[in-house]
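Since the structure of chain A is already known, use the hints to place chains B and C on it.
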Amino acid sequence: MDKTELKQQLKEQVIQFLNLTSLKPADIADNEPFFGEGLGLDSIDSLELIVLLNRMYGITIKDPKEGRKVLVDIETMADYIEQHRTK
Amino acid sequence: MKRVFITGMGVISAIGNTVTENHSALQNGVCGISMPPHSSPDLSKVPLAEVALNNQLLRERLQVFDPAVTRTTLLALHAFREAIQDAGLSGEEISSDRTALIGGTTVGGMSQSDELFRDVSQRYSASPFLSSYDCSSVFMFLQEQYRMKGLIDTINTACSSAGNAIGFGMRLIRSGLAERALVGGADSLSKFTISGFNALHILSPEICRPFDRSRQGLNLGEGAAFLVLEGEDTIPPGKKIYAEVTGYYNASDAFHPTSLSANGEGPYLAMQGALGTAGLKAGEIDFINAHGTATENNDESESRAMIRVFGEPPPFASTKSNTGHTLGAAAAVEAVYSLLSLEHQEIYPGLHFSAVIPGTELQPETIWRQLPLRHIMSNSFGFGGNCVSLIFSKS
Amino acid sequence: MLYIHQAEAISPQEIVTNKLEVKEPSYEGVPRNLLRRMGKSVRMGIGASAPILRSTPRPVSGIVIGTGNGGTADSYSFLQQMKEYGEELLTPGTFSQSTSNAMASQLSMMDQNNNYNLTHVHRGLAFEMALLDVSLLSLENERAFYLLAGVDELSPSNYALDEMEGWYPPGIVAGEGAAAFLVSGKPQNAMAAVRAVATLHSSDPEVVRKQLEKFLATHLPAGESISGFVSGENGDARLSDYYKACTTVVGPGTPVILFKKRCGEYPTASAFGLWLACQRLSGEGAGNYLIYNTYKGRQHSFILLTGIAH
Numbered sequence: 001m002d003k004t005e006l007k008q009q010l011k012e013q014v015i016q017f018l019n020l021t022s023l024k025p026a027d028i029a030d031n032e033p034f035f036g037e038g039l040g041l042d043s044i045d046s047l048e049l050i051v052l053l054n055r056m057y058g059i060t061i062k063d064p065k066e067g068r069k070v071l072v073d074i075e076t077m078a079d080y081i082e083q084h085r086t087k
Numbered sequence: 001m002k003r004v005f006i007t008g009m010g011v012i013s014a015i016g017n018t019v020t021e022n023h024s025a026l027q028n029g030v031c032g033i034s035m036p037p038h039s040s041p042d043l044s045k046v047p048l049a050e051v052a053l054n055n056q057l058l059r060e061r062l063q064v065f066d067p068a069v070t071r072t073t074l075l076a077l078h079a080f081r082e083a084i085q086d087a088g089l090s091g092e093e094i095s096s097d098r099t100a101l102i103g104g105t106t107v108g109g110m111s112q113s114d115e116l117f118r119d120v121s122q123r124y125s126a127s128p129f130l131s132s133y134d135c136s137s138v139f140m141f142l143q144e145q146y147r148m149k150g151l152i153d154t155i156n157t158a159c160s161s162a163g164n165a166i167g168f169g170m171r172l173i174r175s176g177l178a179e180r181a182l183v184g185g186a187d188s189l190s191k192f193t194i195s196g197f198n199a200l201h202i203l204s205p206e207i208c209r210p211f212d213r214s215r216q217g218l219n220l221g222e223g224a225a226f227l228v229l230e231g232e233d234t235i236p237p238g239k240k241i242y243a244e245v246t247g248y249y250n251a252s253d254a255f256h257p258t259s260l261s262a263n264g265e266g267p268y269l270a271m272q273g274a275l276g277t278a279g280l281k282a283g284e285i286d287f288i289n290a291h292g293t294a295t296e297n298n299d300e301s302e303s304r305a306m307i308r309v310f311g312e313p314p315p316f317a318s319t320k321s322n323t324g325h326t327l328g329a330a331a332a333v334e335a336v337y338s339l340l341s342l343e344h345q346e347i348y349p350g351l352h353f354s355a356v357i358p359g360t361e362l363q364p365e366t367i368w369r370q371l372p373l374r375h376i377m378s379n380s381f382g383f384g385g386n387c388v389s390l391i392f393s394k395s
Numbered sequence: 001m002l003y004i005h006q007a008e009a010i011s012p013q014e015i016v017t018n019k020l021e022v023k024e025p026s027y028e029g030v031p032r033n034l035l036r037r038m039g040k041s042v043r044m045g046i047g048a049s050a051p052i053l054r055s056t057p058r059p060v061s062g063i064v065i066g067t068g069n070g071g072t073a074d075s076y077s078f079l080q081q082m083k084e085y086g087e088e089l090l091t092p093g094t095f096s097q098s099t100s101n102a103m104a105s106q107l108s109m110m111d112q113n114n115n116y117n118l119t120h121v122h123r124g125l126a127f128e129m130a131l132l133d134v135s136l137l138s139l140e141n142e143r144a145f146y147l148l149a150g151v152d153e154l155s156p157s158n159y160a161l162d163e164m165e166g167w168y169p170p171g172i173v174a175g176e177g178a179a180a181f182l183v184s185g186k187p188q189n190a191m192a193a194v195r196a197v198a199t200l201h202s203s204d205p206e207v208v209r210k211q212l213e214k215f216l217a218t219h220l221p222a223g224e225s226i227s228g229f230v231s232g233e234n235g236d237a238r239l240s241d242y243y244k245a246c247t248t249v250v251g252p253g254t255p256v257i258l259f260k261k262r263c264g265e266y267p268t269a270s271a272f273g274l275w276l277a278c279q280r281l282s283g284e285g286a287g288n289y290l291i292y293n294t295y296k297g298r299q300h301s302f303i304l305l306t307g308i309a310h
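Residue numbers (our numbering), protein chains in the order written: chain A, 1 to 87; chain B, 1 to 395; chain C, 1 to 310.
Here chain A stands alone, though its shape is the one from the complex:
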């Protein structure tokens, strides 16, 4: 799967996991920050994204604080998945 496809798939998964029903993948820019001003996610969302990485890509992040370094935006998350995915 190339990076563009991965990012598209990831956007769909993020929308699904976080129940962002008012958004479509096209509404999420690759560099839009998850936290703070961009998508406005919170700490529970970051835990949910950690579960997403585990269930969909077989990546385990034990410490939620480590997770925040990876979960910056779609671009960084896709990079991390490409490097660490086991599924």
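Be a bit skeptical, because a hint or two may be false.
[Stated by the list, open to error] Calculated cross-link-like contacts (lysine-lysine; reagent style BS3-like; alpha-carbon spacing at most 27 Å): (1) A/Lys7 - A/Lys62; (2) A/Lys3 - A/Lys87; (3) C/Lys261 - C/Lys40; (4) B/Lys149 - C/Lys244; (5) C/Lys83 - B/Lys149; (6) C/Lys40 - C/Lys83; (7) C/Lys23 - A/Lys24; (8) B/Lys191 - B/Lys2; (9) B/Lys191 - A/Lys65; (10) C/Lys210 - C/Lys186; (11) A/Lys62 - A/Lys3; (12) B/Lys191 - C/Lys40; (13) A/Lys62 - C/Lys83; (14) A/Lys65 - B/Lys45; (15) C/Lys261 - C/Lys244; (16) C/Lys40 - A/Lys24; (17) C/Lys244 - C/Lys296; (18) C/Lys296 - C/Lys210; (19) A/Lys62 - B/Lys191; (20) B/Lys149 - B/Lys240; (21) A/Lys62 - A/Lys87; (22) B/Lys2 - C/Lys186; (23) C/Lys214 - B/Lys2; (24) A/Lys87 - A/Lys65; (25) A/Lys62 - B/Lys239; (26) B/Lys191 - B/Lys45; (27) C/Lys40 - B/Lys45; (28) B/Lys149 - C/Lys210; (29) C/Lys296 - C/Lys261; (30) A/Lys7 - A/Lys69; (31) C/Lys23 - C/Lys40; (32) B/Lys149 - C/Lys261; (33) A/Lys69 - A/Lys24; (34) C/Lys83 - A/Lys87; (35) B/Lys191 - C/Lys83; (36) B/Lys394 - B/Lys2; (37) B/Lys2 - B/Lys239.
Rather than coming from a laboratory, the hints here were simulated on the basis of the structure.
Here is chains B and C on its own, set in the frame of chain A:
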């Protein structure tokens, strides 16, 4: 304003099945939290604080064999019986329409998580638990057992539930809607709750360390406690009184579903509010039984709030290092512990502490000692930002 | 007296087999970011409460909610996740929403409200205890306004449990809904007033009858009568003796409003009954309505509502 006093108490927790057992354990710094494996094969791989009596033993002691009665209810009944006996209440007094029963719980019958799943997914209509799962099942059972005709209520504000139960009972007496109130809380260990807290990453893989810089989260516990509250105008002369409920305040942190704001706004407002309702200045509080769950978020926010209220807080400690976090029962269990302190003029050591949280420099009490105690504050801060502060005063 | 200044309800519009279900509105004015995580009962509660919170110039002095089944739907979702994925890596969203106080705390966050916040969960009396709570609050603080609400959703898991217990024989309709009220101790601009609320636990219709007599003797002003009987009768023949007992007290000729025809059966249906009574009474401007409900024949409540002459 009518004064409300405590004339009886009962408690069951991981450190004892009665008030006397809990008292001795507190004095001796006993920790009721244990590492896995646990007695129940269902319970998971984290440290937990279990009540020593399993369901079979509880049923035998209480002579309650109806399978519909869940563990949370059994624990509640155990503490309830101790409290009403301690207060010397007659059957008529308990069932009187002037006696209220207000209870707090978060788990209710969800200690039977597997059974709920089975009953719904398999449509298992022969289940004895069909009306046992909700929070109210616990106190509906007590109402029925004791044929209580007064006001009955169940409150769920997460970890502050029992604190609000105590406060509501006090308000009912003050308003004249009740003469006495049996108030408290109960919660039992449940796979459901353990999994949920685990998913939130706030369970510690080790025994918890309230207010310690290396704390890694909380340990879940179970238990129940009840207080008998009576109004000053109906207490028979000469009846034993433990203390007076002088302060109660409920405030919201309004920040996040499961964590407190960094500067502890909800806790701060609750503590200030309780002082206001008690007519006390901050300096008059002699000891604080802190919420102190040992999560990274709570202990820091609570510390900041204590500093905001007190400048230099009075001696404080969290008994969750003895009992684990008993959720809906916590505020009632900790009320009993505050009353024991007042009765015996002593404070109990907080356990597993070695280094202060940077930036707060607050150190909990770590040694048992005797101390003149007049006013004790007990705090409970729940999910959803539901913060409660209670003050008990020696009378 | 507890004065009601505003009343909003989200109630069912669709009958789907023997269930009255709410078709949810768009919840305009509620931040999407908060809405996405909420279960249906929380959404309905927010939907009924938000217009009230928007209309008050200052934060209300307290938010008091009654819910019988609040949280069960999300609890069951979390259990399903536990079964599917084991107890290891689970998403915490549904767990954090599964506590009964999720709605009250979401309201406090939306309203930036640091004041009193409480959730009563005593099954068929959850709303009445919340009503009693705000009544006490209004006596303790005369100038203050409070948000009071009663909410329950018809979740498949709750329905399954109640149905297996036999509470939905053919003809009895399960329901859901949310009703919210702005209340205070001050009569200005009130649409109606609650004179008194009483609750009882009993299975004896004779006890219910005696208690209702006592309730009215204590709270209905001398010379006044009940002009409307707002009844929670839901068609269950096993419960009809309780309603008959109350009818003998209020008088068989008194007009009856059967509110569960509109909202179906659920633990906090009496909140909808109160909303409906408010609508009728505020139109009439005077009169006394008695709202009586029983939940499963064991919990009973009386609410005495008085019209405000303008």
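Against the structure, the hints come out as follows:
1. A distance of roughly 23 Å separates the Cα atoms of A/Lys7 and A/Lys62; the hinted pair therefore holds under the 27 Å criterion.
2. A C-alpha spacing of about 15 Å is found between A/Lys3 and A/Lys87, which places the hinted pair at or below 27 Å, so the restraint holds.
3. Distance restraint check for C/Lys261 and C/Lys40: the Cα-Cα separation of roughly 21 Å lies within the 27 Å cut-off, and the hinted pair is therefore satisfied.
4. Of the pairs offered as hints, the one joining B/Lys149 and C/Lys244 holds, with about 22 Å between alpha carbons and a cut-off of 27 Å not exceeded.
5. Our distance criterion of 27 Å between C-alpha atoms is broken by C/Lys83 and B/Lys149, whose separation comes to about 41 Å.
6. Taking the CA atoms of C/Lys40 and C/Lys83, the gap is near 22 Å; set against the 27 Å cutoff, the hint holds.
7. At roughly 24 Å between alpha-carbon atoms, C/Lys23 and A/Lys24 fall within 27 Å of each other, so this suggested pair holds.
8. Proposed proximity of B/Lys191 and B/Lys2 is contradicted: the alpha carbons are some 43 Å apart, above 27 Å.
9. The suggested pairing of B/Lys191 with A/Lys65 holds, with an alpha-carbon distance near 26 Å, which does not exceed 27 Å.
10. With a C-alpha separation of about 32 Å, the suggested pairing of C/Lys210 with C/Lys186 is violated against the 27 Å cut-off.
11. Taking the CA atoms of A/Lys62 and A/Lys3, the gap is near 25 Å; set against the 27 Å cutoff, the hint holds.
12. Restraint check for B/Lys191 and C/Lys40: the C-alpha separation of about 25 Å stays at or below 27 Å, so the hint holds.
13. For the suggested pair A/Lys62 and C/Lys83, the alpha carbons sit about 22 Å apart, so the restraint of at most 27 Å is met.
14. Proposed proximity of A/Lys65 and B/Lys45 is supported: the alpha carbons are some 22 Å apart, at most 27 Å.
15. Note on C/Lys261 and C/Lys244: the hinted pairing holds, with a Cα-Cα distance of about 18 Å set against a maximum of 27 Å.
16. Between C/Lys40 and A/Lys24 the alpha-carbon distance is near 22 Å, which keeps this suggested pair within the 27 Å criterion.
17. For the given pair, C/Lys244 sits about 16 Å from C/Lys296 by alpha-carbon distance, which is consistent with the 27 Å threshold.
18. The suggested pairing of C/Lys296 with C/Lys210 holds, with an alpha-carbon distance near 19 Å, which does not exceed 27 Å.
19. For a cut-off of 27 Å, the pair hint linking A/Lys62 to B/Lys191 stands: about 21 Å separates their Cα positions.
20. For the given pair, B/Lys149 sits about 25 Å from B/Lys240 by alpha-carbon distance, which is consistent with the 27 Å threshold.
21. Note on A/Lys62 and A/Lys87: the hinted pairing holds, with a Cα-Cα distance of about 18 Å set against a maximum of 27 Å.
22. Simply put, B/Lys2 and C/Lys186 have alpha-carbon atoms about 24 Å apart, close enough for the 27 Å limit, and the pair holds.
23. Of the supplied pair hints, the one linking C/Lys214 and B/Lys2 holds, its CA atoms being roughly 26 Å apart against a limit of 27 Å.
24. In summary, the hint linking A/Lys87 to A/Lys65 is supported, as the alpha carbons are separated by about 23 Å, within the 27 Å threshold.
25. Of the pairs offered as hints, the one joining A/Lys62 and B/Lys239 is violated, with about 56 Å between alpha carbons and a cut-off of 27 Å exceeded.
26. Simply put, B/Lys191 and B/Lys45 have alpha-carbon atoms about 11 Å apart, close enough for the 27 Å limit, and the pair holds.
27. Taking the CA atoms of C/Lys40 and B/Lys45, the gap is about 33 Å. The hint is violated against a cut of 27 Å.
28. Distance check on the hinted pair: B/Lys149 and C/Lys210 sit about 13 Å apart at the alpha-carbon level, within 27 Å; holds.
29. Proximity of C/Lys296 to C/Lys261 is assessed by CA-CA distance (about 17 Å); at most 27 Å being required, the pair is judged to hold.
30. Distance hint between A/Lys7 and A/Lys69 is fulfilled; the C-alpha atoms sit about 18 Å from each other, no more than 27 Å.
31. With a C-alpha separation of about 11 Å, the suggested pair C/Lys23 and C/Lys40 falls inside the 27 Å cut-off, and the hint holds.
32. For a cut-off of 27 Å, the pair hint linking B/Lys149 to C/Lys261 is broken: about 31 Å separates their Cα positions.
33. Annotation: proposed proximity of A/Lys69 to A/Lys24 holds, straight-line Cα distance about 25 Å (limit 27 Å).
34. For the hint pairing C/Lys83 with A/Lys87, the CA-to-CA distance comes to about 22 Å; that is within 27 Å, so the pair holds.
35. For the hint linking B/Lys191 to C/Lys83, the alpha-carbon distance of about 11 Å falls within 27 Å, and the restraint holds.
36. Straight-line distance between C-alpha atoms of B/Lys394 and B/Lys2 comes to about 16 Å, which keeps the hinted pair within the 27 Å bound.
37. Under the criterion of a C-alpha separation no larger than 27 Å, the hint pairing B/Lys2 with B/Lys239 is consistent with the structure, at around 17 Å.
Hints 5, 8, 10, 25, 27 and 32 from the earlier list are contradicted by this structure; the remaining hints agree with it.
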